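Q: In the order they appear, the protein sequences are chains A and B.
Quick note: the first sequence uses my numbering, first residue 7, plus one each step.
Quick note: the second sequence uses my numbering, first residue 392, plus one each step.
Some hints here could point you the wrong way.
[Claimed, not checked] Here are the simulated lysine to aspartate or glutamate pairs, EDC-like style, with alpha carbons at most 20 Å apart: (1) Lys137/A <-> Glu682/B; (2) Lys777/B <-> Asp53/A; (3) Lys488/B <-> Glu734/B; (4) Lys614/B <-> Asp131/A; (5) Lys777/B <-> Glu572/B; (6) Lys770/B <-> Glu613/B.
Hints listed in this document are in silico derivations from the structure and should not be mistaken for laboratory results.
Every value quoted in this text rests on a predicted model; they were computed, and no experiment measured them.
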Amino acid sequence: MIDSGLKAASVNPADSGSRLGSILVASLLIMIGVITLYDAASYTDVDSKVFPQTSAIALILFSTLAIGKQIIQPTVVSGIELGSWWRRLVLVSSMLLACALMPYTGLLIACVLTFVLGLIASMHDRWSNRKAIVYFLSGLSIIVCFYVLFKFVLHVPLP
Amino acid sequence: MDFGNFLAALTPLNLAVAMFGVVAGTLIGSIPGLTATMAVAVLVPISFSMAPETALILLGAIYTGAIYGGAYAAILLNTPGTPSAIATTFDGYPLAKRGKGDLAVAIACFSSVFGGLVGAFALLFLAPPLASVALAFGPVEYFWLSIFGLSLIASLSQGNLMMGLAGGALGMIMSTVGVAEISADIRLTFGSQTMISGFEVVGAMIGLYCIPVLIDMCSTGEKHLKITGEVAKMPILSAARITFNSKFNLMRSSVIGTLVGILPGAGGSVAGLVAYTEAKRTAKPHQRFGEGEPDGIIATESANNATVGGGFIPTLVLGIPGTPPDAVILGALMVQGVRTGPELFQSNGSIVYTFIYGLLIATVLMLPIGLIIGRYAYKSIVTIPKAVLVPTVGFMTIIGTYAIRNSISDVVVMLCLGVFGWLISKYGFSASPIVLGLILGPIAEQGFVQAWTIGAAVNNLPGMFFGRPLSQAIIAFTLISLILPWYLSRKKQIKADA
Chain A
7 MIDSGLKAAS VNPADSGSRL GSILVASLLI MIGVITLYDA ASYTDVDSKV
57 FPQTSAIALI LFSTLAIGKQ IIQPTVVSGI ELGSWWRRLV LVSSMLLACA
107 LMPYTGLLIA CVLTFVLGLI ASMHDRWSNR KAIVYFLSGL SIIVCFYVLF
157 KFVLHVPLP
Chain B
392 MDFGNFLAAL TPLNLAVAMF GVVAGTLIGS IPGLTATMAV AVLVPISFSM
442 APETALILLG AIYTGAIYGG AYAAILLNTP GTPSAIATTF DGYPLAKRGK
492 GDLAVAIACF SSVFGGLVGA FALLFLAPPL ASVALAFGPV EYFWLSIFGL
542 SLIASLSQGN LMMGLAGGAL GMIMSTVGVA EISADIRLTF GSQTMISGFE
592 VVGAMIGLYC IPVLIDMCST GEKHLKITGE VAKMPILSAA RITFNSKFNL
642 MRSSVIGTLV GILPGAGGSV AGLVAYTEAK RTAKPHQRFG EGEPDGIIAT
692 ESANNATVGG GFIPTLVLGI PGTPPDAVIL GALMVQGVRT GPELFQSNGS
742 IVYTFIYGLL IATVLMLPIG LIIGRYAYKS IVTIPKAVLV PTVGFMTIIG
792 TYAIRNSISD VVVMLCLGVF GWLISKYGFS ASPIVLGLIL GPIAEQGFVQ
842 AWTIGAAVNN LPGMFFGRPL SQAIIAFTLI SLILPWYLSR KKQIKADA
């Protein structure tokens, strides 16, 4: 939920990294607000400007206040908890890889490759030959079923 | 309206069509990326060879099934299967995380059926007078309605209001990317052809809600969802008791859903959000919205399914589609040679009433079908090994996002937003206000600019924005939902200090 990353407690020095992260995210949002204002200045019609400018000002204002609150009355945020970075990286990269490969290999092959990489990233139990074969085949069958559903039943022009 | 139409709706063909429609709609709606509009659109050609009333029953059943199906992914994967189920994630997923995913799915089913029935009865008995409500809503009312929806941010952000409001503002900025609807200026694309059509809402929603869950799931060996009971058994009686004990919430949310459904363009997502806001505003002290409160699921699911019947009111009476799937159904009706409009209930009464009875029957059928499919959906999600679940859901996010506009760029944007959403969620910001801003931003902008133009033309801007009774009522509700959470927490704090 919305407050999932928040814990109402007093801050100890160990949380300062998370607080700094929170301030950095708010600063990034301020930058987005400034860029929006800069871009909006070039619109020819005033009707196009009003809403993005108002939203950008609101973004800058609320993000600044969020930074202020984090400095004056800090809220502890969870920060990036323990967990394997390489697994996260492999999962996201494999999905991006699918996007890159799709125009050349088609969706089916690209997604099978992504599935294999995702399987490796998410496997926390000990591998066995049986597990590897069963997991791969079950994934393959799901991918093929969905591919058929989308391409031939729903007529989505998949690459 | 006579008994003959009811019997006509009960023919074996109509019953079979209603059952097929509910099953197909539920399955399609449960896949992230496939919306109710797509479910209706892809299955429309099947209806062309049918009699008009049978075709309408099929399309109505698909629509109602798809809206309910969206709840599965929202509850079990924190990914709204359809935009209508956004607010279902707020309490559905936390409840599933606590090991009560089966209960959440069953509550969603009972609530959806109840809401669907209220919407369908409104269509049966009150269609012509309620259609006039749609006409009473001008641009300024749409503007205030979207602001009312955005006020949900305040009640959702009790941990840090400023972060929530900043997220909402970011979502509104994102909603402006691409070609401006009113003046056709190209905004915030920075020369990119990809962004000219803006952020695709469903893709963005999949990214912001689903990708963070996948990233967290793969990084640790913990189980995705806890299991408290026996997986094979669905807690149907407990779910029915919880749902129907919350009578007032159920009825109020269904009425909200029906009324919002009547408003052209608003749709199930707005209905769910408004009903959720109201449920949270009137919550009892012991209720913990956002932490797995069943009333949150009841409010959202009853409201979004009530929009089905509600949306048919302007579609059939005025020829103005209430929701996007209604626009597709309206097109199918035209192909069938049925002319919608105020005379439809007289000139084609037998078709319309047979359809309405068919919709009622389809909604009732959704109870057993929804519970059975829900049980298998839950069972699959909790028993499937995480190593298979993560890449499978990852694949579904890719194919689902791609299918919306047949665009690989949308998939890349979805992934980038997902990583961004995951990162900011670790530092106190949340995806929900961003999604709220993204969905409500265009409604707010269009309403604001149109109202401003009209107000300036008649030289009465304050009167335009604050002078109309409907606007005043919505403003009052907005102020209450903004101030009440703050007031209640202040009161609680004073009590605790004393």
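Q: Please go over all the hints and tell whether each is borne out by the structure.
A: Here is what the structure says about each hint:
A distance of roughly 36 Å separates the Cα atoms of lysine 137/A and glutamate 682/B; the hinted pair therefore is violated under the 20 Å criterion. Taken as a hint, the lysine 777/B and aspartate 53/A pair is broken in the structure, with Cα atoms around 49 Å apart against an allowance of 20 Å. As the CA atoms of lysine 488/B and glutamate 734/B are separated by approximately 51 Å, the hinted pair breaks the 20 Å bound. Taken as a hint, the lysine 614/B and aspartate 131/A pair is honoured in the structure, with Cα atoms around 12 Å apart against an allowance of 20 Å.
The hinted pair formed by lysine 777/B and glutamate 572/B fails the criterion: a straight-line CA distance of about 43 Å is larger than 20 Å. For the suggested pair lysine 770/B and glutamate 613/B, the alpha carbons sit about 18 Å apart, so the restraint of at most 20 Å is met.
Checked against the numbered hints listed earlier, the structure breaks hints 1, 2, 3 and 5; every other hint is satisfied.
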